[in-house]
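Turn these sequences into a full structure, and let the hints guide you.
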Amino acid sequence: MTGLDETDRALLRALVEDGRLSAGALGRRLGLSQPAAWRRIRRLRDAGVLKGSRVELDGPALGFGVTVFLGVKLATKGRASHEDFERAVRAIPEVQLVHHVLGRYDYRLRVVARDLADFERVLRRRIMTLPGAGDIEANVLLSEERRPGPL
Numbered sequence: 291m292t293g294l295d296e297t298d299r300a301l302l303r304a305l306v307e308d309g310r311l312s313a314g315a316l317g318r319r320l321g322l323s324q325p326a327a328w329r330r331i332r333r334l335r336d337a338g339v340l341k342g343s344r345v346e347l348d349g350p351a352l353g354f355g356v357t358v359f360l361g362v363k364l365a366t367k368g369r370a371s372h373e374d375f376e377r378a379v380r381a382i383p384e385v386q387l388v389h390h391v392l393g394r395y396d397y398r399l400r401v402v403a404r405d406l407a408d409f410e411r412v413l414r415r416r417i418m419t420l421p422g423a424g425d426i427e428a429n430v431l432l433s434e435e436r437r438p439g440p441l
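Just so you know, we're using our numbering here: the sequence shown kicks off at 291 and counts up by one.
Keep in mind that a hint or two might mislead.
Claimed, not checked - Okay, the calculated beta carbon distance ranges per label pair:
| hint | residue 1 | residue 2 | range |
| --- | --- | --- | --- |
| 1 | Arg-369 | Ala-315 | 42 to 48 Å |
| 2 | Val-391 | Arg-414 | 49 to 55 Å |
| 3 | His-372 | Ala-428 | 35 to 41 Å |
| 4 | Gly-349 | Arg-380 | 16 to 22 Å |
| 5 | Gly-342 | Gly-393 | 38 to 44 Å |
| 6 | Ser-323 | Asp-348 | 14 to 20 Å |
| 7 | Leu-392 | Gly-314 | 40 to 46 Å |
| 8 | Arg-332 | Asp-408 | 41 to 47 Å |
| 9 | Val-345 | Arg-299 | 22 to 28 Å |
| 10 | Ser-343 | Arg-299 | 15 to 21 Å |
| 11 | Ser-323 | Val-430 | 44 to 50 Å |
| 12 | Pro-325 | Arg-369 | 46 to 52 Å |
Source of the hints: derived by calculation from the structure; they are not laboratory data. Quantities reported herein were computed from a predicted structural model and do not represent experimental measurements. Glycine is no exception: its CB is placed at the ideal position from the N, C-alpha and C atoms.
Following this line, the structure appears as structure tokens:
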């Protein structure tokens with residue numbers, strides 16, 4: 291959707307900041323009536339700009355103090371290799387995100403663990419045994435800054 295005006299962008303920034311805002315609260319914040327805010331939200335959902343409603347969990351508060359980004363290069367190429375890998379990686383609860391990418395690696399994974407010993411267990415017993423998994427590179431997250439994106 292390319293027809294976003296400044297009010298749409300402000301609405302999206304407000305929802306990124308706090309996705310629980312009601313249409314009434316958004317309207318007050320943006321100088322719109324509640325029905326006008328709701329119409330904009332519905333239009334953005336219908337256009338696919340707004341996808342779902344999610345709750346963000348705090349990993350460390352739940353006991354997952356380590357986040358690691360893995361680059362995984364498949365040892366074999368082909369559609370079946372990718373499908374087998376993707377099917378198997380879905381079964382690993384510690385893997386939060388899977389991105390199929392271009393570049394040195396075929397996949398980038400976001401993995402959470404309780405500590406480094408727990409991550410080593412997940413890596414050895416689950417990630418390294420994935421079908422087709424070849425080279426793996428790990429980057430441990432030190433800090434994170436959330437930004438709303440290019441709105």
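Each hint, compared with the structure:
no. : hint                          : in the structure
1   : Arg-369 x Ala-315: 42 to 48 Å : holds (47 Å)
2   : Val-391 x Arg-414: 49 to 55 Å : violated (24 Å)
3   : His-372 x Ala-428: 35 to 41 Å : violated (21 Å)
4   : Gly-349 x Arg-380: 16 to 22 Å : holds (19 Å)
5   : Gly-342 x Gly-393: 38 to 44 Å : violated (28 Å)
6   : Ser-323 x Asp-348: 14 to 20 Å : violated (35 Å)
7   : Leu-392 x Gly-314: 40 to 46 Å : holds (44 Å)
8   : Arg-332 x Asp-408: 41 to 47 Å : holds (43 Å)
9   : Val-345 x Arg-299: 22 to 28 Å : holds (24 Å)
10  : Ser-343 x Arg-299: 15 to 21 Å : holds (19 Å)
11  : Ser-323 x Val-430: 44 to 50 Å : holds (48 Å)
12  : Pro-325 x Arg-369: 46 to 52 Å : holds (48 Å)
In the structure shown, a violation is registered for the earlier hints numbered 2, 3, 5, 6, in ascending order.
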